[in-house]
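Residue numbers (the working numbering): 106 to 411.
Please keep in mind that the hints were generated in silico from the structure rather than gathered at the bench. Please note that a few of the clues may not be correct.
As the list claims (entries may be wrong) - No more than 30 Å apart at the CA atoms, straight line, and that leaves these computed lysine-lysine pairs for BS3-like: (1) Lys232 with Lys312; (2) Lys232 with Lys316; (3) Lys316 with Lys328.
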Amino acid sequence: MSAKRHVMEFTLDPWRALRARTTEETSGSTGTPAAALGPLDVDPDTKPGYLGGKAEGEATLEARAERLAELQELLYANGVAGTLDEHGRGLSLLLVVQAMDTAGKGGIMRHVVGAMDPQGVEDAAFKAPTEEEQTHHFLWRIRPHVPQDGYVGVWDRSHYEDVLIHRVRGLTSTEEIEQRYADIRAFEQELVAGGTRIIKVMLHLSKDEQKERLAERLERPEKFWKYSPSDVDERAYWDDYMEVYRAAIAETDTDEAPWFIVPANRKWYSRIAVQELMITVLESMGLDWPPADFDVAAEQQRLAAS
């Protein structure tokens, strides 16, 4: 008979432990905001704020999934009811997941997002833009996937691909990249003003760990479909990607649309970290179950008589 797995809480709020920049804190006596972090500032083998191991982490993921599902249903119910906040807005949540290949984006979708009711979730995976998409502004293909009121939107890659890849490969001028940063800031502020809460996550794994995961895909026939020769090509640009991520985070991290760098060498840790970030935001909405828009007592009588 197997021992019961122990659920262990975070000792430090992931919202603080994983923030790419803590704007509330200051550097020394200058009163200036703390500098933005990049992936090279974070050890992908660590598990900030969590003292447990894999067994405890998996138990925590399972236990907290119920809370995440409850909060998502609460958000969806308020969306259906047309509930507005004090600013007259409907609310939604957008989770943006960026990462190098094999970092665990799919696992986040299955093990974290998969705990929620699909009818209240809108997910989108952004691949290389099509020929038609390339004829439009880079945000053109993104906008249709902004979550509706009451929904949780989850993006597997995102509008950030249009600065990350383009800067690494030199596909776009420096001036255009700077304009795209400005467009992204304006776009995200527009979403926030409309009632969307944003969490932006970079799953950070090491180059060595990625090599091991790619090797596993080549050794297991059931994982061949996940492998692409371009995965090895991109490894040649690893250091460039790390620096470009740093720049993108520095340019677009705000209190309203924050970035989090999540160590991802341990898949179980990255899953509970992202799960907890989502729970934090949903709880902060302070939602209640919407009241009935009908006479409950009268309906009980009608039902009893039917």
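- Item | Numbers of the earlier hints that this structure fails to satisfy, in rising order | none
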